[in-house]
Amino acid sequence: MTAMAHVSVVRPGMLTTIQDLGRWGHQQSGVPVAGPMDAYSHRLANRLVGNPDGAAALEITLLGPVLEAHGDIVCAVAGAEFELTAGDRPAPMHRAVTIAPGERLRFAGRAAGARATLAVRGGFDVPPLFGSRSTSVLSRMGPFGGRALLAGDELAVGPPPAGPARPAGLPLGLPSGGARLRVVAGPHDGMFTPEALEVLAGARFVVTPQSNRMGYRLEGPKLAHRTSADILSDATPIGSLQVPASGQPILLMADRQTTGGYPRIATVISADLPLAGQLAPGDWIAFDFCTRDEAVRALGELEARLEGSRS
Amino acid sequence: MFDFRVVPAGDAALLVEWPPRIDVETSSRVVSMAGAIRARYGARVRDVVVGYCSVTVYYDPLETDPAALEADLRLIATSPPPASSGPSAVVRIPVRYGGEEGPDLADVAAFAGCTPADIVARHSSTTFRVFVVGFVPGFPYMYPLSGAERWLDIPRRATPRTRVPAGSVAIAMGQTGIYPMETPGGWHVIGRTDAKPYDPDRRDRPFLLQPGDQVRFDVARA
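Listed in order, the protein sequences are those of chains A and B. The first sequence begins at 0 in numbering that gives the first Met the number 0 and counts up by one. The second sequence begins at 0 in numbering that gives the first Met the number 0 and counts up by one.
Worth flagging that the hints you see were computed from the coordinates, not collected in a lab. Where is the CB? At the ideal position from N, CA and C, for every residue including glycine. Some hints here could point you the wrong way.
Chain B stretches covered by chain A per the calculated footprint, using a threshold of three residues with CB under 8 angstroms from any CB of chain A [unchecked claim]:
| no. | region |
| --- | --- |
| 1 | 40-50 |
| 2 | 53-59 |
| 3 | 126-138 |
| 4 | 203-210 |
With the hints as extra help, turn the sequences into a complete structure.
Below, the structure is given as structure tokens:
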């Protein structure tokens, strides 16, 4: 056996981080969950190379990296649609591809979506922290001191997975210029005027440039509070639409803090979070209210899509 | 006892919420409720998070019946809390007050109309209770344990600092806190401690403080 297979970063791209399905169970100590912005594509990429859903993979944002293989690397890319080149060959998305030692995988022109997941067979073997390999830039937790990857970083690849590969279904449908996201009301909808709820359901909001993995600052008509725009801090689930005194909502995403002090008018349903994770600054969002039962059904349908089952 | 509500916070979390009060009684109910949920559910829920007057339970919507979980949370919230195992131990934290490590001590004294030594005496003779840990890993939000004892209700700095050093002990809005790592921050820094609120190398106890803990600050010898 030679040295373990690894991948080196030739060019890091705009914001490339290692993520698994998140650092759960320590939010009470202020540890953010982090994890992928588009968990569907993360899981799909892992399944395409025979990994368990939670293996550590790369999340690639807007401008992709150039990576070099050391040892045979089997990889797959899911999520945002990039033009891929493996060595001198064009490479498909959503398919396992082998990169020979010394060959480079390049991400070029992005056609749709904001974030892609690159999974390698065996997963990236970086040291876990509290059971997770996710990168939280804000709290500096996770691999590489919790920072985005830089040129010269070397990423060890783990041994091939032992278990049977799980079925890999269809790719996520990507947004084109914007997306309709379903929300359930609350938990603090009672702190807003009835008009605010109508506005939320009827208007279009735009993702501003002040948006990142922590959250998207949205611009649109003002969502008015009845009286106060403050609550005593409580936990902030992913997908929360928190509204500070400005009346302009912030959609909390993967790297959100564990708690927050602004009322949350509605919460994006789990089934639509991957789509939300594919939005970029300039994209529009419209919100549709649904019930919790509808939300769970939608999640079941998304799960069936991942499993590749026809329903 | 029935002054709480259980509401969905999206399709993967339930929020148990008491009236918005910052007091030790509410905080004690919240902390004991969180403990009871962890003991009962363990890994069957994804996370249990304490707020000032709330507990949020994260669950997997495809594995959990939210109506059953909600009913159970109501039951736990209305059950008498388990007998406490006595008063929690007081964590003692040595602080070097003032000087370069506590650059806002004089401003705080001016705000309060007293001397810096008075502020130090007051801060180091007050027992605090940790209500919430958040902002960054390990940052404790603390109020005086005795509700009667009003701590300095000073607003945050008009201009937040872009870099507050790790270990800074700071106050704002009636609270005191400790910065576990260098971050931006708007609280008034009155001293520094070598105690680390978050230390990943402290394997058995990476987080020094949890909601419900009590804290006393001691004047460190120079």
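Results for each hint:
1. Coverage of the region 40-50 of chain B by chain A holds [criterion: at least 3 residues with CB-CB distance below 8 angstroms; count 6].
2. Residues of the region 53-59 of chain B lying with their CB closer than 8 angstroms to a CB of chain A number 3, which satisfies the three-residue condition for coverage.
3. Here the region 126-138 of chain B counts 8 residues with a CB under 8 angstroms from a CB of chain A, which clears the bar of 3, and the coverage holds.
4. Coverage of the region 203-210 of chain B by chain A holds [criterion: at least 3 residues with CB-CB distance below 8 angstroms; count 4].
Checked against the numbered hints given earlier, the structure satisfies every one of them.
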